[in-house]
Amino acid sequence: MSANGKPKFAMYWAASCGGCEISVLNIHEKILDVDANFEVAFWPVAMDAKYKDVEAMPDKSILLTLFNGGMRNKENEEIAHLLRRKSQILVAFGSCACEGCIPGLANLSSTEQIFSAAYQSLSTVNPDNTQPQFEYGMPEGMISIPEFNPVLKTLDQVVPVDYYMPGCPPESHQIAAVVDLVIQVLQGQATLPPPGTTIGAGASTVCDDCPRLRNVKAIKKFVRIQDLNTIDPELCLLEQGIPCNGPATRNGCGALCPKASAQCIGCYGPAEGVVDYGARLIGSYASVIDSNDPDEIERILDGIPDPVGQFYRFNLAGSLMRAGTPAWKGNGSAGLGKT
Amino acid sequence: MQRVTIDPITRLEGHGKIEIFLNEDGDVANTYFQIPELRGFERFCVGRPVEEMPLLTNRICGVCPEAHHMAAAKAADAVYHVEPPPAGKKLRELLYSGFYFTDHTTHFYALGGPDFVMGPTSPVAERNILGVIHKVGLEIGGKVIQARKYGHTIVEMIGGRKVHPCTSIPGGLTKGITEDQRQEIEKMGRWAIEFAQFSLQLFSDIVLGNKEYLDLILGDIYTHKTYSIGLVDENNKINFYDGKVSVVAPDGERIGKYAPNEYTDWIAERVEPWTYLKFPYLKKVGWKGFVDGKDSGVYFATPLSRLNAADGMATPLAQEQYEKFYSTLGGKPVHQRLAIHWARLVELLYAAERIVELATDPEITSDKFHTVPTEKPTEGVGIVEAPRGTLTHHYKTDERGILTEVNLIVGTTNNYAPITMSIKKAAQSLIKKGTVVNEGLLNMVEMAFRAYDPCFGCATHSLPGQMPLEVTIRNANGEPVEVLKQNC
Amino acid sequence: MTDAFEPVIIGFTCNWCSYRAADLAGTARVKYPPNVRLIRLMCSGRLDPTFVFKALAGGADGVLISGCHPGECHYIEQNYKALRRYLLLRRTLVGMGVEPGRVKLVWASAAEGVKLAEEITKMVAEIKELGPLQWPQWAQGNGHVAKVEAIPEEAAV
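Residue numbers (our numbering), protein chains in the order written: chain E, 1 to 339; chain C, 1 to 488; chain S, 1 to 157.
Check the hints yourself; a few may be wrong.
[Claimed, not checked] In silico contact screen, one side only, chain E against chain C (beta carbon under 8 Å); selected entries: (1) Ala15; (2) Cys17; (3) Glu75; (4) Ala118; (5) Asn126; (6) Gln133; (7) Met138; (8) Cys168; (9) Gln226; (10) Asn229; (11) Asp306.
[To be verified] Keeping only pairs whose Cα atoms sit at most 16 Å apart, straight-line, the calculated EDC-like set for lysine to aspartate or glutamate is: (12) E/Lys259 - E/Glu239; (13) C/Lys424 - E/Glu140; (14) E/Lys220 - E/Glu298; (15) C/Lys376 - E/Asp227.
Derived from the structure by calculation, the hints contain no laboratory data.
All values reported here derive from a predicted model rather than from experimental measurement.
Every residue gets a Cβ at the ideal spot worked out from N, C-alpha and C, and that includes glycine.
Please take these sequences and the hints and turn them into a complete structure.
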């Protein structure tokens, strides 16, 4: 509790892109409500508290922490543990923290492959195959960088999480709604939902938010979106052969992408009750393919050239399998370590 | 040797870390600016269909996803050897101009502005966006919020969403805009021009009118004479979306202009074992270390370098400001890094004018916004100017358009070497034998790289004002003897 | 791939055809390796790909899916759904680095006890060849949820 009686609020980014922070700022004037009701104790993007200040806070003294970003390296995990200790309510905020998000696709590669792509890229001149070392001795002393984990993890695979707020990023109108709810709870006018609940989103699928016309689905062909002469602005995208992930994706975003004639790529994560997102999509796509002949089915499926990416684009790290074999079988520390 | 560690620098995505080593005399022997983050886009995008890149690479940075979205779209066009129809290109550039307007506003008012509006040595608690609003008034604060809103509204109208737009595909876009939307965008654009002019006036009054600040901008601590690069159109005027990259030497001589598919002849990257981020440099000049000068391949890519690398601005009001900029600062090129803040405002005005130009173009509401690719996909490069620097996306695919290789040189990455040099120079100038290391020092070091508006690996970025810095001074046994904090 | 490796294979069979085939093999004392743990579904069309992922992530070395022959499904067409799901699932698993031979779809009618036994025997041999999958036993479930304490009095405004 802060000196002025206002409960403490924190927001932190682990391996993130910053989009969640921008989405919070896009609640515009509502940020003043946050300011009025909370003391911002730690928010690296906006103010100046440091890790040492968080460490000095009593345990559980931060009422609400919004934690975005995935667990890519040891430092991300350390701060996750730190903020879990210091926070009463820890929210996995955004797709990275909830399910790994797009950087989770790195789980299909070994650390060696990731480093090689970066440090031997087309424009990199690196004849000695220099690679970053976790600790390195310079003439003046030892300096270090955080150790890269072989598998990217979600927040709840590292610490217990109280609530999930999905989206890449969570849409600002949803963030504003959650801010309102929390303020009402503080004022005794509402109660928090049960722990483990997904907040700031719907419980159904994107198809429910989508205004497009839907018929009985009988898909004869999957197309690449750039190959269509015109995209019908009113008809269901999946029925036009565009692989849209709406059927298994949680709603709450307002189906913005389908409204813009772009397929839903699944950034809001699994709908309520879905255990494995990709599995559900595989099931639903298979159900609507209009063929019983194995050869024809295979030809239709050729229209989805990258099924892992299509079905696990945001969700790989949070899925049942979590990673591909190269990530956990590969030599995770090749070229890294102390010199 | 004594070590002074600044860790972490907050408001950089992931984290940045500075190590300062002092020799026996108490002078700075060396500094290291380490970037501790890597997520692996260049690897995990392999195996994905190329049309997804405008969506996947958005997630490199949520502050400037539009930049990646556009570079990816252009690279995907190039992979398919397809040109979007004129309306498609214009719509993309209109979205991009709306984005530039919001992004430059955010940086100036929330990041760079506080140093000048409040002053580099003003109390820490006031040196942030709220302090600025208190000093200049709520009305102006309201305008800043409005400016951000407008920019994001334009992005959403054309791009489908405010953060991580989704409508660019190889050959154009998935949709166009209606006449109603066009009118709204035009209206927002005209407001934007006024706001940009207001911002330039504010800068002129508060910063240029203050001798202390002017001395700071013109001073040597923050000056580095390096090459400048930036995208220019066929008239050598700045264009954020399209063109060729102009490369200008420290003395102002243009040594070349390269097209996207020539970039590997010009830019190479260097790996150091003590950081995850690479150091790009000019290949034709070669890597000579972290040094200034015509013989060093170090270059910078920022609003200032864009102004240096171009012959002018393509819109009239911005061109006036461009001329005023150089006449005030003593001619081209300008190397004082704090002048980047001013250059950014000149670009803000250009972005606003460009919004109106494109919004009033008769083709902008056309329904011909996409060309279906007919050729086999192979390889392509797309280059745009991200607010923080030249952005290069290079893709190779198989015959189905599935990526086999990805190379990205991202905005702030271009500036990693010069930022490292700026930090070292600031530290060396300010920490000398007998100097007490205090808050003023810390903020001055901070100002050295804040001007670049860093967004490390485009996965890092800084937003409002305060850089928390903690400096630990250790004796020869490594025990801390003094801990100084700023904003923490 | 030592002689000691005994694969664990989860077998999803349908109530009307393949499960009865397995039953038949049992009552007719047709020998087949005991590596397959059978799970009875009412129909192969009930197979949610989630089951396959759960099996593999949970430690299985292979998954067998078996249903009525095309055209003979007790529920008319649902085994075709199983076929389509299987084909798409297999492609996805390959993308994750799981060999396609680890997940198999086999049609077997109620009378084909011998055939099913043969298929199982074949599959066990193939999986022995491929070796154990040894998918890491990461913490089960979607992580764990902490107990939220009541907001203290002082925090209430």
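Taking the hints in turn, this is what the structure says about them:
Of the supplied interface hints, the one on alanine 15 of chain E holds, with its beta-carbon coming within about 6 Å of a beta-carbon of chain C, less than 8 Å. Checking cysteine 17 of chain E against chain C: minimum C-beta separation of about 4 Å stays under 8 Å; hint holds. Satisfaction of the interface hint for glutamate 75 of chain E is found here, the shortest Cβ-Cβ separation to chain C being roughly 7 Å, below the 8 Å cut-off. Interface restraint check for alanine 118 of chain E: the shortest CB-CB distance to chain C comes to about 5 Å, inside 8 Å, so the restraint holds.
The beta carbon of asparagine 126 of chain E is positioned within 8 Å of a beta carbon in chain C (closest approach about 5 Å), and the interface hint is therefore held. A distance limit of 8 Å between C-beta atoms decides the matter here; for glutamine 133 of chain E the minimum to chain C is near 5 Å, and the interface restraint holds. Given the 8 Å rule on beta carbons, the hint for methionine 138 of chain E holds: about 7 Å separates it from the nearest Cβ of chain C. The criterion of a C-beta within 8 Å of any C-beta in chain C is met by cysteine 168 of chain E, whose closest approach is roughly 7 Å, and the hint holds.
Checking glutamine 226 of chain E against chain C by beta carbon gives a least distance of about 4 Å; that is within 8 Å, so the hint holds. A least Cβ separation of about 6 Å between asparagine 229 of chain E and chain C falls short of the 8 Å threshold, and the interface hint therefore holds. Below 8 Å, beta-carbon pairs count as interface contacts, and aspartate 306 of chain E has one with chain C at about 6 Å; its hint therefore holds. Pair hint lysine 259 of chain E plus glutamate 239 of chain E holds up; C-alpha atoms about 15 Å apart against a cutoff of 16 Å.
Simply put, lysine 424 of chain C and glutamate 140 of chain E have alpha-carbon atoms about 15 Å apart, close enough for the 16 Å limit, and the pair holds. Of the supplied pair hints, the one linking lysine 220 of chain E and glutamate 298 of chain E holds, its CA atoms being roughly 11 Å apart against a limit of 16 Å. In summary, the hint linking lysine 376 of chain C to aspartate 227 of chain E is supported, as the alpha carbons are separated by about 12 Å, within the 16 Å threshold.
In summary, this structure violates none of the numbered hints.
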